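Number of protein chains: 2
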Amino acid sequence: EASAKVIDGKKVAKEIRDEVAAEVSKMKEAIGVVPGLAVILVGDRKDSATYVRNKKKACEDVGIKSFDARLPEDSTEEEVIKHISGFNNDPAVHGILVQLPLPSHINEQNVLNAVCIEKDVDGFHPLNIGRLAMRGREPLFVPCTPKGCIELLHRYGVVIKGKRAVVIGRSNIVGMPAALLLQREDATVSVVHSRTKNPEEFTREADIIISAVGQANMVKGSWIKPGAVIIDVGINPVEDSKSPRGYRLVGDVCYDEAIKIASAITPVPGGVGPMTIAMLLSNTLTSAKRIHNFK
Amino acid sequence: EASAKVIDGKKVAKEIRDEVAAEVSKMKEAIGVVPGLAVILVGDRKDSATYVRNKKKACEDVGIKSFDARLPEDSTEEEVIKHISGFNNDPAVHGILVQLPLPSHINEQNVLNAVCIEKDVDGFHPLNIGRLAMRGREPLFVPCTPKGCIELLHRYGVVIKGKRAVVIGRSNIVGMPAALLLQREDATVSVVHSRTKNPEEFTREADIIISAVGQANMVKGSWIKPGAVIIDVGINPVEDSKSPRGYRLVGDVCYDEAIKIASAITPVPGGVGPMTIAMLLSNTLTSAKRIHNFK
Ligand SMILES: NC(=O)C1=CN([C@@H]2O[C@H](COP(=O)(O)OP(=O)(O)OC[C@H]3O[C@@H](n4cnc5c(N)ncnc54)[C@H](OP(=O)(O)O)[C@@H]3O)[C@@H](O)[C@H]2O)C=CC1
Ligand SMILES: NC(=O)C1=CN([C@@H]2O[C@H](COP(=O)(O)OP(=O)(O)OC[C@H]3O[C@@H](n4cnc5c(N)ncnc54)[C@H](OP(=O)(O)O)[C@@H]3O)[C@@H](O)[C@H]2O)C=CC1
Numbered sequence: 001e002a003s004a005k006v007i008d009g010k011k012v013a014k015e016i017r018d019e020v021a022a023e024v025s026k027m028k029e030a031i032g033v034v035p036g037l038a039v040i041l042v043g044d045r046k047d048s049a050t051y052v053r054n055k056k057k058a059c060e061d062v063g064i065k066s067f068d069a070r071l072p073e074d075s076t077e078e079e080v081i082k083h084i085s086g087f088n089n090d091p092a093v094h095g096i097l098v099q100l101p102l103p104s105h106i107n108e109q110n111v112l113n114a115v116c117i118e119k120d121v122d123g124f125h126p127l128n129i130g131r132l133a134m135r136g137r138e139p140l141f142v143p144c145t146p147k148g149c150i151e152l153l154h155r156y157g158v159v160i161k162g163k164r165a166v167v168i169g170r171s172n173i174v175g176m177p178a179a180l181l182l183q184r185e186d187a188t189v190s191v192v193h194s195r196t197k198n199p200e201e202f203t204r205e206a207d208i209i210i211s212a213v214g215q216a217n218m219v220k221g222s223w224i225k226p227g228a229v230i231i232d233v234g235i236n237p238v239e240d241s242k243s244p245r246g247y248r249l250v251g252d253v254c255y256d257e258a259i260k261i262a263s264a265i266t267p268v269p270g271g272v273g274p275m276t277i278a279m280l281l282s283n284t285l286t287s288a289k290r291i292h293n294f295k
Numbered sequence: 001e002a003s004a005k006v007i008d009g010k011k012v013a014k015e016i017r018d019e020v021a022a023e024v025s026k027m028k029e030a031i032g033v034v035p036g037l038a039v040i041l042v043g044d045r046k047d048s049a050t051y052v053r054n055k056k057k058a059c060e061d062v063g064i065k066s067f068d069a070r071l072p073e074d075s076t077e078e079e080v081i082k083h084i085s086g087f088n089n090d091p092a093v094h095g096i097l098v099q100l101p102l103p104s105h106i107n108e109q110n111v112l113n114a115v116c117i118e119k120d121v122d123g124f125h126p127l128n129i130g131r132l133a134m135r136g137r138e139p140l141f142v143p144c145t146p147k148g149c150i151e152l153l154h155r156y157g158v159v160i161k162g163k164r165a166v167v168i169g170r171s172n173i174v175g176m177p178a179a180l181l182l183q184r185e186d187a188t189v190s191v192v193h194s195r196t197k198n199p200e201e202f203t204r205e206a207d208i209i210i211s212a213v214g215q216a217n218m219v220k221g222s223w224i225k226p227g228a229v230i231i232d233v234g235i236n237p238v239e240d241s242k243s244p245r246g247y248r249l250v251g252d253v254c255y256d257e258a259i260k261i262a263s264a265i266t267p268v269p270g271g272v273g274p275m276t277i278a279m280l281l282s283n284t285l286t287s288a289k290r291i292h293n294f295k
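Chains as they are written, first to last, in this note's numbering: chain A, 1 to 295; chain B, 1 to 295.
Here chain A stands alone, though its shape is the one from the complex:
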């Protein structure tokens, strides 16, 4: 029975982290500069705290200096922005990341806009998104998760140019920038979302599917064109009495069905997930290199 190649995001992410580590130490030796990443966490959501801890750990592993600001849940918008300004002006900081979601009394847009564009390693600033959308313009940073999706395609030798691609989901942080990236690489892109009547009509024609929806097992085997390449960004908990936690994580794509039809597919977990942090480290390194004009 046919079986798709499994795209090993964990392995690729490790390769990228190793590459970043090598570059970081080269830079330190050559010009004495260590890239620095600042993370701002407001409130005490457990999941956010875990993400921040993981990012910190990942920085340490590759030699990037990490800075953090942990602010109480009831911080004002001004206080959060004051911390951002501090990092904007700190020459040891080359990347600034605001852990989302913010408490609901804080305006996310105002806070994200305060990050200076040269340090916007998340790539969420509208100026970066605008440049990503425009031909002949280059964003300073590309959002980490969609960049990770494209990096997986590249490292597995998947041709994008001239192919039909479908992106399911159009969020600012994954779907929309993923579609813009595929289009920049000359795929013909269709964007499917919650108002699309027959999503399967689009996916069935696609050579490349990127799914970033957040619906467990939405994409069935019958939705997939034989030989398609599938990047599954979704991370969805489903009940599982056999798991000690009572649940396990699955993607948007019905993996067991897809693996028989696709030519390549990312697993969940172990696919796109590990790529996000790897891309964040890579963006931080890029930023430090740019700021210090180090090639």
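Some clues are possibly wrong.
No copy is singled out in the list; a pair is fine if it fits within one copy or between any two copies.
[What the hints assert, rightly or not] Subject to a maximum C-alpha distance of 25 Å in a straight line, what follows is the list of computed BS3-like cross-link-like pairs (lysine-lysine): (1) 197 x 161; (2) 197 x 225; (3) 56 x 14; (4) 11 x 82; (5) 225 x 295; (6) 11 x 260.
What the hints contain is simulated information worked out from the structure, not anything from laboratory work. Please read all numbers here as calculations on a predicted model, not as lab measurements.
Following the hints, put chain B with the ligands in place on chain A, whose structure we already have.
Frame of chain A, contents of chain B with the ligands only:
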């Protein structure tokens, strides 16, 4: 024999200009402010000079004050930007438009970036494009030609939400923003370009086609789904010995074939063409209202 409704851009553009004229005089009476549009023309391309003249005339007709700077072909980038800065700081100017193309020794990106975003009535600033791409963000201005396309759909009662739309072409000034606008209105959008292998496979499934390619009669009748709505942005000269000028203008869509299959279609000329200037006037009015906080 079936015949599509002809979408009369000339008539709609006239309606919009009348609406703008009424608002302009209301504003003048209420707060004594007259909206102002500055146009910068570098060099002496005949077509550009004609466009600028038409814009000036259109401003006068609706009561918008027009300013212009005509700079010689050999102006430096700094000189052009100096004029833009002057208009940026001039409180009588609410919109600034740089007539493209610029002479080749001038960097278009640097010049366009110099227009302050509050007066970027062309909507070409990457910050405006970024906001257009992002959910939950609002651009200050939407580029005039694609805005005109959507306005025609609205005024003719064409439902966009949930429909399949194809945009042919992905330029910064027409195709790309048109696709973003359709997506904002909840169409499922596919963007076709020169690297797309079988463009007709996409158009045949589309309820709405916006074509902005610049290829005479590329979209044949057989490419069109019965009942589709077609917005033809293309303006292409074709030889015509019967015309006194030796040529006439046609769109990207084979009009004679399309009119038998589509449910509605814009003619060329007289479709999208007149809408561009109407939208420019409307953007200039919006800008003046915003700057003076006039509702
Ligand atoms: N590192 C990683 O691997 C990351 C993984 N994720 C995961 O990716 C998934 C998506 O995340 P995110 O983009 O932030 O999610 P959002 O909720 O912001 O966006 C979801 C998108 O999916 C669309 N959608 C929802 N339901 C359907 C449906 N039935 N059919 C088609 N489209 C639908 C929505 O459409 P509409 O716009 O119309 O509402 C929306 O555009 C989540 O599972 C998340 O956990 C996210 C970020 C990083
Ligand atoms: N007021 C009005 O009515 C206006 C009318 N226009 C007209 O609209 C047309 C497009 O203008 P503009 O967007 O500036 O043009 P551009 O030349 O900048 O862009 C043309 C686009 O069409 C794509 N394309 C070219 N050939 C093909 C093909 N064979 N199949 C599919 N796609 C193709 C190109 O693809 P790729 O990106 O791969 O190169 C590109 O994205 C022109 O005719 C212009 O005169 C323009 C502005 C205003």
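Identical-chain pair category, residue 11 with residue 260, by Cα at 25 Å: within (22 Å within a copy, 56 Å between copies)
Between the shortest in-copy and the shortest cross-copy C-alpha distance, which are at most 25 Å for residue 11 and residue 82: within, between, both, or neither? neither (39 Å within a copy, 53 Å between copies)
At most 25 Å between CA atoms: does that hold for residue 56 and residue 14 within a copy, between copies, both, or neither? Classified as within; 16 Å inside a copy, 60 Å across copies.
Measure nothing new, just compare the shortest in-copy and cross-copy C-alpha distances for residue 225 and residue 295 to 25 Å and report within, between, both or neither. Neither, since 42 Å and 52 Å both go past 25 Å.
How would you classify residue 197 and residue 225 at a CA-CA limit of 25 Å: within, between, both, or neither? both (19 Å within a copy, 17 Å between copies)
At most 25 Å between alpha carbons: which applies to residue 197 and residue 161, within, between, both or neither? between (27 Å within a copy, 10 Å between copies)
Violated hints, in rising order: 4 and 5; the structure is consistent with all others.
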